[in-house]
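J.: With chain A fixed as given, assemble chain B onto it according to the hints.
Here the protein sequences line up with chains A and B, keeping their order. Position 47 of the first sequence, counting from 1, maps to 47 under this note's numbering, and the rest follow consecutively. Position 73 of the second sequence, counting from 1, maps to 73 under this note's numbering, and the rest follow consecutively.
These aren't lab readings, by the way, just hints derived from the structure by calculation. A portion of the hints provided could be inaccurate.
Straight-line Cα separation of at most 20 Å, SDA-like style, residue types lysine to any residue; simulated pairs [what the hints assert, rightly or not]:
1. A:Lys-56 with A:Arg-67
2. B:Lys-44 with A:Ser-3
3. A:Lys-56 with B:Thr-101
4. A:Lys-49 with A:Ile-110
5. B:Lys-44 with A:Gln-45
6. B:Lys-44 with B:Ser-27
7. B:Lys-44 with A:Thr-105
8. B:Lys-44 with A:Lys-56
9. B:Lys-44 with A:Gly-41
10. A:Lys-49 with B:Leu-96
11. A:Lys-49 with B:Tyr-99
12. B:Lys-11 with B:Arg-109
13. A:Lys-56 with A:Ser-72
14. A:Lys-77 with A:His-94
15. B:Lys-44 with A:Glu-8
16. A:Lys-77 with A:Asp-55
17. B:Lys-78 with B:Pro-106
18. A:Lys-52 with B:Glu-97
19. B:Lys-44 with A:Met-7
20. A:Lys-49 with B:Tyr-103
21. B:Lys-44 with A:Thr-24
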Amino acid sequence: GDSVTQMEGPVTLSEEAFLTINCTYTATGYPSLFWYVQYPGEGLQLLLKATKADDKGSNKGFEATYRKETTSFHLEKGSVQVSDSAVYFCALIHTGNQFYFGTGTSLTVIP
Amino acid sequence: EAGVAQSPRYKIIEKRQSVAFWCNPISGHATLYWYQQILGQGPKLLIQFQNNGVVDDSQLPKDRFSAERLKGVDSTLKIQPAKLEDSAVYLCASSLELYETQYFGPGTRLLVL
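Chain A on its own, in the form it takes in the complex (with noise of 0.2 Å):
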């Protein structure tokens, strides 16, 4: 069946550093990806998606690109801030299914 695998935590960076976050799904044909955003105390927030493959989901300085041939969606940011410490969940949904979560990478950036 479909689901989708991320790399395990914690991740902790310095302000500024570059920011990957890999993820990877299973599924027939072609699903919609997303990353999803969740800050302490508070519940999931849509960061980017990306419908088709070659896609490029961006926002807030994020981007991940839809990679068919390597079934993978990776969360990137140039430069992290402090307000970026969050956990970031990958997901998927396929017509006529239902949305798959990965199991969320905690991100820590200290000053």
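T.: Chain B only, in chain A's frame:
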């Protein structure tokens, strides 16, 4: 635009007690979801409504969990009786239609003692 509202935000109960959670989705959103998020894990779908009909409840423990969405707007999720392993955050989400982007509420954090 108002987001998804949930209440209460926190609840502490003893095992074998009952508890209910409430969700008000974004106005106009036809689809409503309830998720269970256990600490350190991603959200797991419990039940999905399209208007006031159930689309998927395959992962809902029906011996103790129930949910309804009367009139196709607000929804309640109930646990009766609660077990220790039900301690989790219960997230409600809504989307304009099935299989579209989901928007989440702040969640209800449940602790069962």
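J.: Run through the hints listed earlier and report the numbers of any the structure violates, in increasing order.
T.: 4, 6, 8 and 14
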